[in-house]
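> Listed below are the residues making up each chain.
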Amino acid sequence: FNSTVENKIIFKWHYGGPPATESTAKPPPFKDHTFLHSGIGGAAAGKKNRTWKNLKQLLVLERALPWKLDDPNYYNIDAPPSLKPAKKYSDISGLPANYTDPQTKLRFTSPDEFSYIRLLPSDVVTGYLTLRKATCIVP
Amino acid sequence: MAAQDAPVCQIISFHDSKTSPDPFFELSPQCLNPTPAPIVIDNGSFQTRAGWATSAAELSSLLLQFRSVAARSRGAARSETQIGNDIPNLEPLRWLLKSQFDRNVVVNFEIQELIFDYIFTHLGINSEGSVKHPIVLTEAPCNPLHCRQMMSELLFECYSVPYVSYGVDGLYSFYHNNAQRKQQPPHTGIILSSGYHCSHILPVINSRQVTTNGQLLLCDFQSCVLKSCHLKCFKYPNTHQFPLKKLCCSVLCDVNFRLDAVNCKRVNVAGSQASSYLQRLLQLKYPGHLSSITLSRMEELLHEHSYTAVDYHEEMEKWRSPEFYEREVHRMQLSFSGKLPSGCVTAEERQERRAQQLRRLQEINARRREERLQQDQERLDRLLAVQELWEDGLLDQFHRSLVELNMDSAEELQSYIKKLQLAVEQGRQKLLHSDGVEGKTEGLEFEQPMDEGDGVALMDSDFFEDMLPQKSNMAQPSFNMAEYHQLFVGTERLRCPEILFQPSLIGEEQMGLMETLQYVLARYTPEQQEALVSNVFLTGGNIQYPGMKERIERELLAMRPFQSHFKVTMASRPALDAWYGARDWALEHPPGEALEGWISRQDYEEKGGEYLSEHCASNIFIPMKIAKPVPARSAEPSVTAQTSTGASAAITTVTSSLDASSASLSADVTMVTS
Chain Y
1 FNSTVENKII FKWHYGGPPA TESTAKPPPF KDHTFLHSGI GGAAAGKKNR
51 TWKNLKQLLV LERALPWKLD DPNYYNIDAP PSLKPAKKYS DISGLPANYT
101 DPQTKLRFTS PDEFSYIRLL PSDVVTGYLT LRKATCIVP
Chain P
1 MAAQDAPVCQ IISFHDSKTS PDPFFELSPQ CLNPTPAPIV IDNGSFQTRA
51 GWATSAAELS SLLLQFRSVA ARSRGAARSE TQIGNDIPNL EPLRWLLKSQ
101 FDRNVVVNFE IQELIFDYIF THLGINSEGS VKHPIVLTEA PCNPLHCRQM
151 MSELLFECYS VPYVSYGVDG LYSFYHNNAQ RKQQPPHTGI ILSSGYHCSH
201 ILPVINSRQV TTNGQLLLCD FQSCVLKSCH LKCFKYPNTH QFPLKKLCCS
251 VLCDVNFRLD AVNCKRVNVA GSQASSYLQR LLQLKYPGHL SSITLSRMEE
301 LLHEHSYTAV DYHEEMEKWR SPEFYEREVH RMQLSFSGKL PSGCVTAEER
351 QERRAQQLRR LQEINARRRE ERLQQDQERL DRLLAVQELW EDGLLDQFHR
401 SLVELNMDSA EELQSYIKKL QLAVEQGRQK LLHSDGVEGK TEGLEFEQPM
451 DEGDGVALMD SDFFEDMLPQ KSNMAQPSFN MAEYHQLFVG TERLRCPEIL
501 FQPSLIGEEQ MGLMETLQYV LARYTPEQQE ALVSNVFLTG GNIQYPGMKE
551 RIERELLAMR PFQSHFKVTM ASRPALDAWY GARDWALEHP PGEALEGWIS
601 RQDYEEKGGE YLSEHCASNI FIPMKIAKPV PARSAEPSVT AQTSTGASAA
651 ITTVTSSLDA SSASLSADVT MVTS
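Sequences listed follow chains Y and P, in order. So the first sequence is residues 1 to 139, counted in UniProt numbering. So the second sequence is residues 1 to 674, counted in UniProt numbering.
Simulated from the structure, these hints should not be mistaken for laboratory data. Hints should not be assumed to be uniformly reliable.
[Claimed, not checked] Covered stretches of chain Y, going by a simulated chain P footprint (3 or more residues, C-beta under 8 Å):
| # | stretch |
| --- | --- |
| 1 | 28 to 35 |
| 2 | 52 to 61 |
| 3 | 74 to 86 |
| 4 | 94 to 102 |
Ideal Cβ positions, reconstructed from N, Cα and C, are used throughout, including at glycine.
Using the sequences and the accompanying hints, generate a full structural model.
Below, the structure written as structure tokens:
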């Protein structure tokens, strides 16, 4: 087996051409040009699906492996959700907020901020809520 | 920082620095003799840093440091991809930028291949067919096995590298700083490493070398205290653990440290979340400057103008006072854009404009009414004249005029006359009303110009007339053009680094950094906690905010028992120390016979791509065989995945016959454990 690998490398040597200086069109000499990543697509994918798996898909695969309870792996070491209640801050200024506008659900600290909030266009309001992940999902 | 008139206010403009392309270095002979020198690559999701690990003085620092991005416009050939510092300004290509990372893990190996090509080409490597130098590479803590497999495959198959070593960047940094400070082992400590996508808490426990029954064993400190004693056999590294009695505690000598991976934790909040948060905040505050608020400028703001509060609430209270605000707000001056602020007019100006439009409309309506009234009047006169003809008895003329008017009979004429008379009356009354009272019939008036196309055109020209007098107001203090183009960055300087400690600011439910630290510490016994907390080490690019160290010390003071001791140290160069640590490690552990920490080509072929050789700055490796994905071209996949269990399972992995280029595993691999 090893000999075939070596043969392949020597094979490349002959056809690699003179090392010379790097030009942008010429591929770099130190790699194997016929190398194919085995991670692109899958067996069923064929030539069309040449996408890489993203992290979520990889983690699904990783979960499927037979880990023991204590073994550390990528999703095990995720920090748990917070045990302390979140402090409320104004969406506009970031100061600690005591009040929430019932109409727009934005938080504010002072009457000036309140009047500013009431004059905001709706896309800005939605923007602030999305920042806090507080947009309403009710259909 | 330019000081303006009156109180000190800071008006700063963005640097918008452009990167210059990296030079092509020459391969110096010291890198080849006596053995090829290792190449050290710190593969970060924000920046990639590369250089040599030699003892030569001129090569002892970083050679390459560039953003880990690649840009290729659609339809361009693969060779026209720009990488890293080849892109002078990231913003025009922002939508074309691709990174090999997803969070802090490499998933796209094509781009990784391009990055490696870039690194090797710029380092001057021109050997044929293979890169002859060992590679030291960083990976994520608890890197998924599939990713390591792909990375090993890329390095061993494509570049034919002789040896590869993987390590965690935070641990390399720890190693480097310990060596700098000449600290004696045991190195126990807890590392807070905050990068671009994630922040990690990495507890490190010193391990001890144990000799018993003639075999050299490595004992895990934690296991000793837990008394469950899972020991690893040093002679056969990475075979599975088997239990022993706790006599291991009696014969001890310190060697080095290991990452206690079971208790690591990761918080998914770091630099990239901070810059996108800052960008959204400023864009929502200044919707007129959407395109000027770019991510590169946000990064500049974070690197140079942001700080961490030692006590967040106290600091926020300070920002309430207007004097403090005036002093501390950073006004970022944007360049003049020339477009008028359409949404920036105040409410009064808007009302003014509306009233003016109303007046114009009313005038149009009045003119229309007058005209109509006049027309009706004329027509009425004519009809009355015809009627008189009829009354006078001049029937022929009457009938002729009827035909002219397109009417059939006298009754029709009569009704028409009546209608016209009514209309004239109404018109006259309306004219009288509109002269007097304005604004009452506004609502009605609005409907009318809709019917007439002329009215709309007239309104448009009036609108532009309105704009022109507006421009002459520019000189007035109520609208300051320079100020309109300034971004006031006040509390945002403080809020964005804070998301590391309070992820609820961006809606994340995870614990913040210090709460996670508390959680991790709670998993240890009090003695272990003391040992860990006496060496808290901060590293990573995101740690570089001013005030970070004081903040962490303060929070530790709050969470530790009263009057207990702790010590917080920061890395000397938080962003770069990982590379220097990896280099130090490579110099002290050259690949050779010992092979602790190095994966050789043979190891790769025998044990698979996911194999990791552990060392003091690496992840923990749990032996597990995973399926090697089959490339798209092959016919049928027949790879089976099994795990290696404890004592005596013989494992066979069978691969189908594939192309020579992609098949690296031989047909039958048997691995026998002792």
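> Could you run down the list of hints and mark each one as holding or not?
Each hint, compared with the structure:
Requiring three or more residues with a Cβ within less than 8 Å of a Cβ of chain P, the coverage given for the stretch 28 to 35 of chain Y holds, as 7 such residues are present. Counting residues of the stretch 52 to 61 of chain Y whose C-beta lies closer than 8 Å to any C-beta of chain P gives 7; at least three are required, and the coverage claim holds. Under a criterion of three residues with beta carbons nearer than 8 Å to beta carbons of chain P, the stated coverage of the stretch 74 to 86 of chain Y is upheld, 11 such residues being counted. Only residues whose beta carbon comes within less than 8 Å of a beta carbon in chain P count, and the stretch 94 to 102 of chain Y has 3; three or more means the coverage holds.
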